[in-house]
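Protein chains: 2
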Amino acid sequence: MIVTVTLNAALDVTYRVDRLCAGKTHRVRDVHSRPGGKGVNVADVLRQLGEPVTTTGFAGPRLLAELPHFVPIAAESRHTIAVVDAEAVTMLNEPGPPISAAEWAALEAEFDRLAATASVVVLSGSLPGLPADAYARLIRRSPAPVILDAEGEPLRAGIAAGPALIKPNIDELAGLLGRTPTLPHDCHALNVPTAVTLGPDGAVLSTSDGTWSARPPRPVRGNPTGAGDAFTAALAIGLARNRPWPETLADAVALSAAAVAAPIAGAFDAPTYREFTDAVTVEEN
Amino acid sequence: MIVTVTLNAALDVTYRVDRLCAGKTHRVRDVHSRPGGKGVNVADVLRQLGEPVTTTGFAGPRLLAELPHFVPIAAESRHTIAVVDAEAVTMLNEPGPPISAAEWAALEAEFDRLAATASVVVLSGSLPGLPADAYARLIRRSPAPVILDAEGEPLRAGIAAGPALIKPNIDELAGLLGRTPTLPHDCHALNVPTAVTLGPDGAVLSTSDGTWSARPPRPVRGNPTGAGDAFTAALAIGLARNRPWPETLADAVALSAAAVAAPIAGAFDAPTYREFTDAVTVEEN
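Just so you know, the sequences run in chain order C and A. Using this note's numbering, the first residue of the first sequence is number 926, and each one after it goes up by one. Using this note's numbering, the first residue of the second sequence is number 926, and each one after it goes up by one.
Each statement offered as a hint is correct.
Given that identical chains are not distinguished, each listed pair holds provided it fits within a single copy or across any two copies.
Keeping only pairs whose Cα atoms sit at most 25 Å apart, straight-line, the calculated SDA-like set for lysine to any residue is: (1) K949 with M1016; (2) K949 with A1013; (3) K949 with D1010; (4) K949 with N1018; (5) K949 with L1101; (6) K949 with V938; (7) K949 with G1054; (8) K949 with V1009; (9) K949 with D1096.
What the hints contain is simulated information worked out from the structure, not anything from laboratory work. This one's a predicted model, so the numbers in the text were calculated from it and none came from an experiment.
Please take these sequences and the hints and turn them into a complete structure.
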């Protein structure tokens, strides 16, 4: 059983408009909303693959109706708004809700219960109103290996707690280092297994066993939102099954390309996934 | 007692961002929300003036918590999002909810109850999922004189039902005529008392008693959202008290300028209102 944790879950709202123009009034043609957040997306991808998965995190009163097994909090969970026109997607991300000490204690108890039988735990996304060491505390409590997909201070503090794998994208790695990364050199220096996603250029994976680069066979047009979460889902399966690292990396690059080909975050395009599964090239560095 | 009706009430959400840029991801610095819709704003202005007022309309489950005396509907009321940066305000207006026949019957019953003791009824704003003659039907039921602030087909159908006064802005009047209006000539042709707002240039009022133009003494910088609703509030008071038309028009222009000087819709700046009350110039055409 893979467990995903989404501390800053959101109601992801999509607005379709004719053309977003700052300073103007827009009639929203179509409103679509779904529970979101990176860990929720990872779980959706795992379910689509038929993989047993359980999710937890915090949910405010409204979001709890959609995520009834999440830990309830008094404040409302944030909304994210994706304004979609023919040209681009514009994101508006609300700040996360405050979390009380009692709410955090309830999350820790639920985490302990789920992690006790987990093969892999995935911690994903930003933090709501919590100290930056929140992920580090969960990593230290976890009897199962942890994949951490975070950025900034929560990532830095989390690395010190010894996760099994971190998954920054290249911008997040640059933010952590305070400069443009040199790959794979800078991954070694972090002293933790690291998968760095490079958008359409694939990914680099650096572990104590070796370093590999993987590239998709061709570029994929579509919606990159959620591609990183599909990548993480594949990492979680590889770790849960103890698959060889290069195989896991190739699968993650194929699945994340297939997620770009799907219109919404948390889904992937099955034909693209099948096509890419044997076509991703992996090189040992 | 003035009664305002807001069939398409909304939760008006304001997002403050550093700078809105299409295609980018924005961290929302500050989220503020309040019940809104034109009739709600009109009532807020009337309350600030100490005028007795009752409001009704439709409210979905979430909005009902904020407008508990509104007629409940099954679908959620729409949200409007105002994205505010240092340069401009960008509006995203969701479409309105569907209204069932039973919900419409409940609104008619509540309308009859309130209109029976009303001095003036104000019908404001867009329609949710209702036929375009919804305002016309309420106007025909109303024992009290009705001010109609609508546009497009609901305005056209409403005029045929004989309101006491309509209040289009110049763009809404152009939409109704299908061409650029010639004032005051085109008001006469509508055969209904008509107050046309002209933004910073004041307003024109045309009735069977005469036609007047009113201008504010100086331009006012600020937030024009809700200025039309303050204008309507002053019209309602004038009609309720049977004040002479030119006096009512001057008051409406002063109050709407004072609303521009206030940061949020439904409020006005009292010092500006005092300053403008005797300073608006009115000419008979």
